[in-house]
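Each protein sequence line maps, in turn, to chains U and Z.
With this note's numbering, the residue at position 92 of the first sequence is 92, and numbering never jumps.
With this note's numbering, the residue at position 20 of the second sequence is 266, and numbering never jumps.
Careful: at least some of the hints might be erroneous.
[Unchecked claim] To spell it out: a stretch of chain U is covered by chain Z in this simulated footprint if at least three of its residues, at any positions, have a beta carbon under 8 Å from a beta carbon of chain Z; those stretches are:
1. 78-85
2. 158-170
3. 235-242
[What the hints assert, rightly or not] Computed cross-link-like contacts, DSS-like style, restricted to lysine-lysine with a CA-CA straight-line distance of at most 30 Å:
4. Z/Lys-505 / Z/Lys-258
5. Z/Lys-505 / Z/Lys-263
6. U/Lys-101 / Z/Lys-258
7. U/Lys-90 / U/Lys-214
8. Z/Lys-467 / Z/Lys-320
9. Z/Lys-397 / Z/Lys-320
10. Z/Lys-467 / U/Lys-90
11. Z/Lys-320 / Z/Lys-435
12. U/Lys-116 / U/Lys-90
13. U/Lys-180 / U/Lys-63
14. U/Lys-101 / U/Lys-56
15. U/Lys-63 / Z/Lys-397
16. Z/Lys-435 / U/Lys-56
17. Z/Lys-397 / U/Lys-101
18. Z/Lys-435 / Z/Lys-258
19. Z/Lys-263 / Z/Lys-397
20. Z/Lys-505 / Z/Lys-320
21. U/Lys-101 / U/Lys-116
22. Z/Lys-435 / Z/Lys-505
23. U/Lys-116 / Z/Lys-413
24. Z/Lys-435 / U/Lys-90
25. U/Lys-90 / Z/Lys-263
26. U/Lys-214 / U/Lys-63
27. U/Lys-90 / U/Lys-101
28. U/Lys-56 / Z/Lys-258
29. U/Lys-56 / Z/Lys-263
30. U/Lys-101 / Z/Lys-413
31. U/Lys-63 / U/Lys-90
32. Z/Lys-263 / Z/Lys-413
33. Z/Lys-413 / Z/Lys-397
34. U/Lys-214 / U/Lys-56
These are computed hints drawn from the structure, not numbers from a lab.
Since the structure is predicted, the reported quantities are computational estimates derived from the model, not experimental observations.
For glycine and all other residues, C-beta sits at the position ideal for the given N, C-alpha and C.
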Amino acid sequence: MLYIDNVGKSFINNGISVNVLSNITFRVLSGEFFCLLGPSGSGKTTLLRCIGGYEKVTSGTIKLNNHTVSAPGIDRIMVFQGFDQLFAWKTVSGNIEYPLKVNGISRVERRERTEKYLSLVGLHNYANYYPFQLSGGMKQRTAIARALALEPPLLLMDEPFGNLDAITRHTLQRELLRIKDETNTTVLFVTHDIDEAITLGDRILIFSRQGTVKSQIENNLNRPRIPSMPGYASLWANIYETLGEG
Amino acid sequence: MLNNNKSESIYKTIIQKGFILLSLMFLWELIARSGIFNELLFPRFSTIALSFFQQVQNGYLIEITLVSLSLIFKGLLISLIIALLLSFLAMMGNFFHNLVEVLNSIFHPLPGIALLPVAMLWFGLSEASIIFIIAHSVIWPMVISFLTGLKSIPRINIEVGQNIGLKGPALIWGVMLPAASPYILSGIKIGWARAWRSAIAAEMVFGAVGTAGGLGWHIFKTRYDFDIVGTFAALLTIMVVGIVVEELFFNSIENRTIKRWNMIV
């Protein structure tokens, strides 16, 4: 479904070219939950932004369903880390419905989808709230519902739970897995948290601090994955070793 | 609970502001009656108010106010369009940004009234001259406000807009304008105040346009006729219109938009 082929990315900084990503190759299969794991500054967010079409790759190609990615599009909806990704001037349901309206979906279907995805993220009682009235967790739920309502083939998530407290983060991780099962969407998820990658990912791609791929790990643990289950600790240790000093 | 407190404090504000206004009127009346100043030059507030109500009732003040307001409205509308275009132009790249900045630094300090002779040469003794003066005094401060607003839009809002398929005018209308709405509203408010002032000033210098003169012309004429009460009644009209527009019009727009969205800056 998603082909990342020998992708490199460099920025010019004060006349000096700095490599952020080099020789990145992997593929994400349809219906998969794929995690990009690495330390801060390893270029995983840059890669996600390239896949999102916000930045151009310096070398290599990114193909989604055989189309080369060159600009943002509704076949890849991004969920960001920042709480300000919602439109402050629209209510929760307005935020979910507006992208559907923009894309010419009929009023009846807009209503149906908004209802459906509001319930899916558990916010049906907050439909008429404005973003400033919501907690951080509720804002991220709304952003997820907005992304899902467009029913994109691929969901790009850039540390969406990074600003949340640990308890809310765990709740939202569990809910994201449930939602993913119900919608059968494909997810590409960026994180720097080993536990988050293990809890969520079917496969985990590990980045080095230099922006190269260190290793790709299959995660066959049964769900729900909790730290006390057999295999969890050894997988954690394995990833930790691979990450090393970065 | 929260709502209740809010409406209670609005109620309090109205009472307090009303009390201040009444006190000022009373003070005026006292000073006028004290005989310190010649009553021909410093008429009693009650006399002014009476003249104001009489002239409102017979329609004259309303008529000339509408003449001024229609000039201001046309000037504001033209300014709004030009200021928006200039602001978006400035966002299109460094060259255009510099261009708009240079235009602004040339024209912003230039008082509108100083341009009146030029306007009269270009547009003659017509409404267009006054509208030109109004637009000149409104556009530049408006551009500054709009441009600040456009620059303050969080990049994430734009990126979400692009992600859901918005481009060009649709992105501007759907995301950029609402995201910059606090600055756009304040730009329009500043523009309104500027337009009001320059319209009155231009009318005073310019005189009547065709058969109808506005408030500025009326102030000039009443002074010429030594109708000081009439002059003050016209000044009172300007204040009343100002308060009505500020407190009712702009406040209700703000309550429905940026205050409701908590987008106050």
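>> Need the list of violated hint numbers for this structure, in ascending order.
In response: Failing hints, ascending: 2, 3, 6, 7, 10, 15, 16, 19, 25, 28, 29, 31, 32.
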